[in-house]
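Student: Sequence:
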Amino acid sequence: MELFLQSIINSFIQGGFFALWAVGLVLVFGVMGVVNFAHGELVMVGAYTIWVLHAQYGTPYLWSLCLAILLVMMIGLAMERFLFRPKQGDPLGGLINSIGVLFILQVVAHVVGGTGPAKQVAPPYAGTMIIGELLRIPYQRLFALAISAVALLLLWYFLTRTKLGWSLRAVAVDREAAALQGININRTSAIAIGVSGALAGLAGGLMAPMTNIYPTMGHNVLITAFIVTIVGGMGSLSGAVIAAVLYAFLHTFVTVYVSGTIATMCGLLIMVVVLIIRPTGIMGKRVSE
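All residue numbers for the sequence shown refer to our numbering, where the first residue is 46 and numbers rise by one.
Treat the hints as calculated values from the structure; they're not laboratory data.
Heads up, a few of these hints could be off.
As the list claims (entries may be wrong) - Per label pair, the in silico range of CB-to-CB distance:
no., residue 1, residue 2, range
1, LEU137, GLN51, 38 to 46 Å
2, LEU180, ILE268, 25 to 33 Å
3, PRO131, ILE182, 25 to 33 Å
4, VAL301, LEU137, 37 to 45 Å
5, ILE322, GLY159, 24 to 32 Å
The beta carbon of each residue, even a glycine, is placed where N, CA and C say it ideally should be.
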């Protein structure tokens, strides 16, 4: 029973990370029509920033987290301006450019961190919350869950209650019609990838004290983000959040009771089945011919 209850708590925490990863990927794809293959590496940069600033130089964790968010957001904005904007209308060109960024960021991580073992960051919020005799939840995980939830709520408010958010949604629905309405497409695209980068930096910064940090850690992030976005619907932010939580439960329980490899295989199998049965995902809109 203790393992079962602990797995439920871990599933919600993992779901918060999965949602942050996937929502950023969906936002860029919806607004810009580009699949950002470097998205996982942006999360990795956020984690490395925490390792460098907090673990190596003693910068307070919250300041390091803010700087990680800012740094990754700036990388995203640079990608939009110099790599994606010149390739407007050419999704394949944008995808290839993002793959180039993927390898560049991995090389930079190797240079910064060296080729030794995976890096680790001591949890800044030590201690454990004990509930009854069964549940033990580290404060670091509670902090990560709370910040993830707040970030997703703020994103929802931004997209549904502000003019900039309405512009993002309008461009995602119909880029040409939005341009005819006077919406600045380039500015909207920059905002989309800036928000996506900020979420990636936040996710990496929150993960850093709870996982091993290494240059290729973005691969697992990208695979998970793809599974979640395809199952939820490539253009649906709400679908991404729902699919993230559901997949987190599946992945956590299969990992605990079977193995992590089988958990990922189950996710990929579900993704393939969804693509066959409902290519638009569980929350995506069908396109009528």
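Student: Compare the structure with each hint and give your call.
Tutor: Now the hints, each set against the structure:
1. Between LEU137 and GLN51 the C-beta distance comes to about 44 Å, which sits within the given range of 38 to 46 Å.
2. The hinted window of 25 to 33 Å between LEU180 and ILE268 holds, with their beta carbons roughly 30 Å apart.
3. Separated by about 47 Å at the C-beta atoms, PRO131 and ILE182 break the suggested range of 25 to 33 Å.
4. In this structure the hint that VAL301 and LEU137 lie 37 to 45 Å apart at CB holds, the actual value being about 40 Å.
5. Between ILE322 and GLY159 the CB atoms are about 46 Å apart, so this pair departs from the stated range of 24 to 32 Å.
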